[in-house]
Amino acid sequence: MPKDHGIGASTKRREDVRFLTGAGNYTDDINVHGQAYVHFLRSDVAHGRITNIDTAAAAAMPGVVRIFTGADFEGVGGLPCGWQVTDKHGEVMKEPPHPVLAQGKVRHVGEPIAAVVADTLQQARDAADAIDLDIEELPAVVNMKAALEEGATKVHDDLSDNLCYDWGFVEENKGAVEEAIANAAHVTTLELVNNRLVANPMEPRVAVGDFNRATGDSTLYTTSQNPHVIRLLMGAFVLGIPEHKLRVVAPDVGGGFGTKIFHYAEEAFCTFAAKACNRAVKWTSTRSEAFMSDAHGRDHVTKIELALDADNNFTAVRTETYANMGAYLSTFAPSVPTWLHGTLMAGNYKTPNIYVNVKAVFTNTVPVDAYRGAGRPEATYQLERVIDKAARELGVDPVELRRQNFITEFPYATPVAVEYDTGDYHATMDKMLELIDRDGFAARRAESEKKGKLRGLGINCFIEACGIAPSNLVGQLGARAGLYESATVRVNATGGLVVMTGSHSHGQGHETAFPQVISEMIGIPEDQVEIVHGDTANTPMGMGTYGSRSIAVGGSAMVRAAEKIIAKTKKIAAHLLEAAEADIELKDGQFSVAGTDKSVAWGDVCLAAYVPHNYPLEDIEPGLEETAFYDPSNFTYPAGAYACEVEVDPETGVTTIEKFVSADDFGNVVNPMIVEGQVHGGIAQGIGQALLENCVYDENGQLLSASYMDYAMPRADDLPEMAAYTVDHSCQTPCTHNPLGVKGCGEAGAIGSPPTVINAILDALNSGGHKVDHIDMPASPSRVWAAINNAS
Amino acid sequence: MTKVTMTVNGKSVSGDVAGNTLLVEFLRSDLHLTGTHVGCDTSQCGACVVHVNGAAVKSCTMFAAEAEGAEVATIEGQANADGSLNTIQQAFQDYHGLQCGFCTPGMVMSAAALLKDNPKPSEQEVRAYLQGNICRCTGYHNIVRAIMAASGQEVPAVAAE
Amino acid sequence: MYSFDIERPTTLADALAALADDEAQALGGGQTLIPTLKQRLASPSKLVCLSGIEELKGISRDGDTLTIGGGTTHGTIARETAEGFPGLAGLASKIGDPAVRNRGTIGGSLANNDPSACYPAAAMACGATIVTNSREIAADDYFQGMFATALEEGEIITAVKFPVPESSAYIKFEQPASRFPLVGVFVAKYADRVGVGVTGASEEGVFRWTEAEAALGGNFAESALEGLSVSGDGMIGDLHGTGAYRAHLVGVMTRRAVAAAR
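Protein chains in written order, with UniProt numbering: chain A, 1 to 792; chain B, 1 to 161; chain C, 1 to 262.
Some hints here could point you the wrong way.
Said to hold, decoys possible - Below, a list of computed lysine-lysine pairs in the DSS-like style, where the Cα atoms sit at most 25 Å apart:
#1 C:K46 to B:K11
#2 C:K161 to B:K3
#3 B:K116 to C:K57
#4 A:K587 to A:K568
#5 C:K161 to C:K57
What the hints assert, rightly or not - Covered by chain A, per the in silico footprint, the following chain B stretches (three or more residues, Cβ under 8 Å):
#6 3 to 17
#7 36 to 43
#8 47 to 55
#9 58 to 66
#10 109 to 117
#11 127 to 133
Keep in mind that the hints were calculated from the coordinates and are not lab data.
Virtual Cβ for every residue (Gly too), placed ideally from N, Cα, C.
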C-alpha cells in the first residue's frame, strides 16, 4: 500500500491551487505605488569602445525621470564572482571587473550601456532610442581556441590574455596518467563539443527596487533562486548597503534551472536607482533580452582519452577541456568546469588514473555559468560517449564494458578527490535493462527497418554530486560562500508550525514535500505545517536552491531544527506527565510514557510552552522555536542508468525517440510524484540539448539563436509518448551521512539523457552501415543527414 | 487613447487604452488579472493564452482594441462557482501537470479549448495541440497525462509504485 | 512598440479610406506584424485592423473554384476546406499553433510573403488568383521574392481564388524552433497539369519546381521524380541547415507530397 502521508507519500501539491487559478504572485505581478520603469540600452555589437554617449536630448523627453550611464556607477562596486579557482601553477584566476553598466567598453551583445528610468516603459524605450551613442567596433573573439592564440584580440585590455585559468586536476596524477596511456592495450580518443544552451525558465527575470526614505531601507523583489545570496553579494560587494537595511524578496519564481542563482546587473541597478530616484523602479525582461542577458550554460570543447588494458579494464582517463566563460565571470562560473566537472570524471568506474585539464576562456559572448547539472552533464557526456566509442572499436558489448569497470565497494575514494558514500550501479543497470526490454530490441529494429528507418539503442550510466559541501572544504577550493542550509521551526501555541527555510521553491514543490518530513517526525497532519521561504526578512540566512540540494541540505537543516523542537517538547511532556524524560515517546502526535497508558497530545504540550503555568521554568525557557544550520559532511551521489531507442530517417536525418527509460538511485524519496516530475523535466532538457537546443554566435559575436524562432525549445510532440516512457527510482541506496538518507533528484535527468540519446543515434547510424563515430549535439536533422552522407 | 468595453470572465469591463496596448497588458495592468503571463515576445510560448469569443488566442499578439465587444475568458474565471478547481485544473493537480506554475494558465486555457473541440483527443492530438505552449519544467509528460485524464480517458497513475 | 493609433473599420470601404494615409498599415491577424512591432521594426502611425470586416471573411465554392476571403483565419480554412480541398486544409491546420490559427489570416500571410510561409506554396502550385480591392493578380505574378509582392501601398487582399485540384497534399519539413517550414512542398494534380510549389527553401522566396511539374504531369507518381533534383545554389543556408540540405529536402518532400496526394 502506498503511504498516504509523510515520507514516501505522493502528496498532491498544495501550491498548485494558486498556480492553477491565476493567483500566483510572481515578481512581475508586484507593483509598488508610484513605481517608474527602466529600459536598458544594450550593446548591439560584441566588442567595442564607447566613444561618445550623450543623454541630454533623451533626458529631456516626456516622462523621463533620469538616465544612468557607466559614469553613474564609477563609485559602485562591480558584480562579484563567488568562486576563485587556483590554476595548475598555483596562480589565482584572472578576475576582471564586471560593471553594472558598461565602463568605456562593451564586451558582448546585450551588455547594458545606459538605463533610462521613466514614468512608463514606453517613454523609457522612446528616450533610449534618443540617446546619442557612438561605439567604435572592435574585432570580436568568439571561438575559444582562437581566443587563446598569440596576438588574439583581448576581451579585457588590462589582462595579459584571454585565459582565465588553466586548471589541472589532480596535478599529481598527471605523470601516472601519461604512463598508463603509454602502456595501454587500447586508447580511445574523442573530441566533442558540449553545446552552449540557454536555460530559458518560462518566467523571464524581473526586478523591482524600492526605497523607503523614512527608514532608509531598500527592498528588492527579484526572480531569484537564493534571495539571501543576492542580499549578501549586492549589499556587501556592489552597493554597500548593510544587510539590516536591505531586504530581498523572491516570491513565486517561474523556474530557474541555475540561471536565477546569479546576481545580475539589472537587480543591482533597480535597487540603486530606487534610492537615486526616490521612487520604486521596475524592470521586466523580455524574452529577447533574456537571450542576451541571462547567463548561458555548458559550452565546452573537450578532447577525452580512455585507456584500457588487454582485458578491457579502464586504466586511465585524460581530458583537455576549453570552457567558455563569456565576457565576464558570472557569479559561480569558475566552479562549473572545475570542481563541479573534474571531480565527476571517475563516473561510475574504478579507473585508477585520471587527469583533467580545463582552460577557461574569455570571449565576447554572454557570461556562461551553471545550468541544470552544471559541469556534471559535461563530465558524463564525454565519459559515456568515449566508453561507447571504445566498445564499438573493441567490438564488445557496451553494457558489459561498463559493468566490468563499475565501482562496487563503498565508500570509494576516486582519484579525483571525492568519496562516494554509497551506490549500487549494477542494480540500476539491471533495472534499466529490464525496463528497456533489451531482448526485444532486435525485433523492434527489424520493424523499423521495414519502414526504411534506422533504429538504435543507446545506454548511459552516470553519477552526480549534489549538495556541494562541506563549507570548510569548499572554502579551500575557492568558494567564497558557505554551503550550509538553514531552517527555523516555529511551533505555534496550538501545535501548528511554520518552517522558515533558506531553500527556495521555484517549481520543486518544497511547500508540499517539506511538511511531509515534519509530519513523519511528529505525527501531525501535513496541513498543520506551513513553509515560508523567499524573503530575507523572515527566513534565516540560507544559501538557496541549486545543485539538487534542497531536500538533502535544506531538508536536513529542517530535520535538525525539528529534532531540537522534539527534544524540548519531550522535556515539557515529561514534566506534564510527571515521568522521566528518557521514558517519553512521541508517536502520531501523542507523547506517552513507555510502558504506561499515560499520554499528552502534541498540541497540549505546545500550549504549555506558550502558556507556561504548569511548566518547569527553572529548567527550560518557554516558547517553541528552534533554528538549525546544517553543513553536510560530504556531497551526495545519486546515480543512474538510462536507455533510449531512436529511429532515424536516413532520408531526412530526423531522429525520433521511440522509447526512453531511466533507472535512478536517489536514496530515500520523500514524494515520489514530485521526484518523477523532476526527472521528466530533466530528461526533457537533456533531450533538448541532444536534439534541439543550440545557442549560436556568428564570427562577429552576433547571437543567431536570439529568440524562440531560432532556439528550439522542446515541445510536447518532441518527447516520447506515455507508453514508451518510464522513469523509475526503485533502486535506493540511502545516503549515509544526512538524516533523511536522501540524495537529490533535480538534475539527474539533464545529466543522464544527452549521452543516452547520442549513443542511440550512433548505434542507429552504424546499424545502417554508416560508419559514424561522432556527431555533435544537437543532433539536428541537417547534422545527422550530413553525417550519413559524409560517411557513405 | 481608445475606450474599449468587453466582457471578461462574465463581467463587463471597460477602460481607456492606447493603440498599442496589447490585450495581455490590459488584462494584467488595467484589470489586475495577473494570472495571464508573458513568457516571450515572438508569440510562441503560450503563457498568455486566453479565450476570445470562445477561441484560444495569444493575448500578447492581439491588441486590446481588437477585443472590443468580445467575451474574454482568463484563468481567473476557470474554477467552479464554489471556488473549487474545475475538471481540467483538478487533473493538473492530480497528475502533477505543473511545477513552477508560470506556463500553467496558458496550458489550462489551451487544454480547455482543445477539449471543447475534441472531447476525447488521442495522445498525439494532445501533443500536437500543445505546440504553441512551452513548458520548461515538466517535460510535458504529466501535462499530457492530466489533459487525457480530464477528458475522461484512462491514464497511468502518478508515481505508480 | 512605437506609439500608433488603431482603427477598426467594419467595411472594406472604410478600411481603404483609412489606409489612404501614407503612414497607415493594415493589420490582418497580427500574428507576424505584432511581434515585428514589438521589436520596433515597423513604425506605422496608424494600424487599420481588418478583423472586424465581415465581407473579407468566409469560404465559398463555385464549380471548381474555391474563393477564400482574405480575412479568413487559418483555423476556419482548416475546418471548412477539409472535405472540398483537403490539401489546403492540411496546410492550414499545421500553420503555427491553434491559438495562432485562430487569429492569423490567409490574406495577411500572402501580403507578408514570408519566405517560410506556407500558403504561397499552395497558391503557386494551384495557380491561385490573388484578388484585391482593385484587381486580380495571378500567383505567378504576385510573389516577387522574400517579403515582396505585387501589392501597391494601401491595397488589400480581399480574397484568394483556388482552382480546386483533383488531389493535392502539402508536406512541411519543420524548422525545429519556429516550426515554420525549412522546406514545404505543395503538390496539386489537375486533369491537365500538376503544380509543385516550394516554400522555405529559396533565397528568392516561393517558387514552382517546373521540372517536377513536367515530370509529374506525364506520370503522377513518385517514380517520375527519380533523377530530378534542385540545386543548392540560391537556397537558404542558416543554422538550421545548409542550402544543399534544403535542396535535398525539396526532392524528398515533393516525393512525399506526391505519395500523400495519390
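Quick rundown of the hints versus the structure:
The suggested pairing of C:K46 with B:K11 is violated, with an alpha-carbon distance near 30 Å, which exceeds 25 Å. Note on C:K161 and B:K3: the hinted pairing is violated, with a Cα-Cα distance of about 37 Å set against a maximum of 25 Å. Distance restraint check for B:K116 and C:K57: the Cα-Cα separation of roughly 23 Å lies within the 25 Å cut-off, and the hinted pair is therefore satisfied. With a C-alpha separation of about 15 Å, the suggested pairing of A:K587 with A:K568 holds against the 25 Å cut-off.
Using a Cα cut-off of 25 Å, the hinted pair C:K161 and C:K57 holds, with the two alpha carbons roughly 13 Å apart. Counting residues of the region 3 to 17 of chain B whose C-beta lies closer than 8 Å to any C-beta of chain A gives 0; at least three are required, and the coverage claim is violated. Counting residues of the region 36 to 43 of chain B whose beta carbon lies closer than 8 Å to any beta carbon of chain A gives 7, which reaches the threshold of three, so the coverage claim holds. Beta-carbon proximity to chain A at under 8 Å applies to 1 residues in the region 47 to 55 of chain B; the threshold of 3 is not reached and the given coverage is violated.
With a cut-off of 8 Å between beta carbons, the region 58 to 66 of chain B has 0 residues touching chain A; three or more are needed, and the interface restraint is violated. Interface restraint, the region 109 to 117 of chain B with chain A: violated (0 residues with C-beta to C-beta distance below 8 Å; minimum three). Remark: the region 127 to 133 of chain B is confirmed as covered by chain A, as 5 of its residues place a Cβ nearer than 8 Å to a Cβ of that chain, reaching the required three.
Going down the numbered hints, you'll see the structure goes against 1, 2, 6, 8, 9, 10, while the others check out.
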